[in-house]
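**Q** Can you build the whole structure from these sequences, using the hints too?
Protein sequence lines, in the order shown, are assigned to chains G and H. Letter by letter, the first sequence follows residues 2 to 348 of this note's numbering. Letter by letter, the second sequence follows residues 23 to 247 of this note's numbering.
No lab work stands behind these hints: they were computed from the structure. Because the structure is a prediction, the values reported are computed rather than measured. Think of the CB as a built atom: it goes at the ideal place given N, C-alpha and C, for glycine as much as any other residue. Please note that the accuracy of each hint is not assured.
[To be verified] Label pairs and their in silico Cβ distance ranges:
| hint | chain 1 | residue 1 | chain 2 | residue 2 | range |
| --- | --- | --- | --- | --- | --- |
| 1 | H | SER231 | G | LEU283 | 30 to 38 Å |
| 2 | H | GLY128 | G | ASP269 | 35 to 43 Å |
| 3 | H | TYR125 | G | GLY256 | 23 to 31 Å |
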Amino acid sequence: MRRSTWLFIALPLLLPAVLSAQTIQNATLRRAQQAFDNLEYRQALSAAQASLRERLSGYERARAYELLGFTYSGMDSILKAVEAFKQVVLIEPERDLDPNRTSPKALSAFQVALTQILVIRQLRVDSVQFVGGQGVVPIRYTVTQPSRVVARVTGGALGGGAMRIDSTVANGQVNIRWPARLPSGDPVPAGNYNVVIEASVGQNSFSTSQPIRVAHGAVDTLPHLTSLPGYTYLPETEVPPKSWRPMGLALVYTGVALAGTSALSNGDLGSPSLREGTVIGLGIVAAGFVMTLKKPAPQPARGNILYNQLLREQIARRNTEIAQENTRRRQQVALSVVPLPRTGGGR
Amino acid sequence: MRRFTVGRLDGWTVALVLVLSNIPTFQLSAQHFAIGPQIAFGDYRETSSDLRYRGSGIGAKASMSWKKFSADVWLSKVKYKPEGGTATTEFDASEIDVLLRYYVAGPFSAELGFVNRKADPEFEAQSVGTVTAGAQMAHLLGPGVRMTLDGGLMLGPKFSGGGSVSAVGAVRLGLGITVDALRGRLRVTGDYDFQSLSRETDNGSGSLSAPIQQSLGRIGLAIAF
Chain G
2 MRRSTWLFIA LPLLLPAVLS AQTIQNATLR RAQQAFDNLE YRQALSAAQA SLRERLSGYE
62 RARAYELLGF TYSGMDSILK AVEAFKQVVL IEPERDLDPN RTSPKALSAF QVALTQILVI
122 RQLRVDSVQF VGGQGVVPIR YTVTQPSRVV ARVTGGALGG GAMRIDSTVA NGQVNIRWPA
182 RLPSGDPVPA GNYNVVIEAS VGQNSFSTSQ PIRVAHGAVD TLPHLTSLPG YTYLPETEVP
242 PKSWRPMGLA LVYTGVALAG TSALSNGDLG SPSLREGTVI GLGIVAAGFV MTLKKPAPQP
302 ARGNILYNQL LREQIARRNT EIAQENTRRR QQVALSVVPL PRTGGGR
Chain H
23 MRRFTVGRLD GWTVALVLVL SNIPTFQLSA QHFAIGPQIA FGDYRETSSD LRYRGSGIGA
83 KASMSWKKFS ADVWLSKVKY KPEGGTATTE FDASEIDVLL RYYVAGPFSA ELGFVNRKAD
143 PEFEAQSVGT VTAGAQMAHL LGPGVRMTLD GGLMLGPKFS GGGSVSAVGA VRLGLGITVD
203 ALRGRLRVTG DYDFQSLSRE TDNGSGSLSA PIQQSLGRIG LAIAF
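**A** In structure tokens form, the structure reads like this:
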């Protein structure tokens, strides 16, 4: 049976369990929520506190403390509200309040709670693809208190070991750029890894992680060029415009020959014979006339020839560079880093 | 007999065309030699307008070129017949013309050569031998069509009947055309040559003018190698 078919069968079975984990099942807590919605703060307070003494899921426990935080805020008991919100953040570090639907008092208490406990929130590893050694994996997170934060990568080809990628004293949002390389300089092998962020200050410490998948692929090679964009070869010959020059030259040559014959002939021998010169001269004039009517032969266009030569040299040079680049790229690996869904929160 | 001769000529022509068609074109780039037959026709005058001849005959022409040098050699044999006047006896004029050229610049080349013409019977006309020096001007009329105009002096001519010519008294003038056919393997040639020699003789009673003048036309074919 195919994998998708198994998934199709298992999904209806798993869905209620997933949904029940994200809904409030505890009756006391539901009563407390209802009392809060009706602005009956004292009743909501006692019901929420009573629910905490019962068996609750993590989600329900966080909702119970959140309800306490909202109720104490409504009753102007800010310190207690802060304490309740601290419990919320410890259970669900990624929890955020919607500023559009939350009272300013509650929001303020929540912010104060964040500054009083050490947690790492909003750990994000961006999906990225790059050539090994030529790019970085952007990682960012927010640490709520000034602390020593160490970022490591575990799992995958590292086995039980870990590779430290950053260590700093930080507060607030932190951005890390991980080159995804082993200490030897080689790209990290393909596999599933965990980006682990650990923060510690005094006796307090907190860590969270984000699973990622690193995949290897071949680096795209560049195609060889047959032309340069925007530049085209020019015709290396050009047909000159028609002219009467051949006919003119033929007439001039023939005229000079016949006139020369007349001029150079000896007067004692009578009028010169022009028959021979005329026969050859007529042939030349006829050839000149034909050449005048005929489409002129293409002549080499020197400028275009030089231009084309330059263009060919440029393309050959570029192709040589591309060949060298492709040789280098074939020895490289394309890294693809994708964040995976998280299985749990930090602690 | 006549039909047999024409048939043989046709056969030679076909064979020639077939041979030429099978010569690879790449050889043409190195071809600087051409040779072929010509028919010649001319006019010859000597001493006075009464000694006038016209005639025709056969000839051959060879041309070659190498770098800036080129050469033309003509051989001809013309049977001259009296054309009016007082002449009564025909004669054969066998002539060899050799011209060597060196390309100078533009259309101009310098020329140096010699002319030797023998008359048979020997005393019907003057045999002459002379060195020539001059210049040639050449132009391309179009692809494969080249025409030339040349002229010069005939230096130190010698005549079978004696006599002499002043330093500038013997001149020659030429006009020529070559047309390439069959992609340059065959050439049609046409040449005109005019010679005027103001010869003077002395029979003891003083100098006598005895000029010689010849106009010669030649038309032919040549195979280029």
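**Q** Now tell me if each hint is right for this structure.
**A** Evaluated hints:
no. : hint                            : result
1   : H:SER231 / G:LEU283: 30 to 38 Å : 33 Å, holds
2   : H:GLY128 / G:ASP269: 35 to 43 Å : 38 Å, holds
3   : H:TYR125 / G:GLY256: 23 to 31 Å : 25 Å, holds
The structure is consistent with each of the numbered hints, conforming to all of them.
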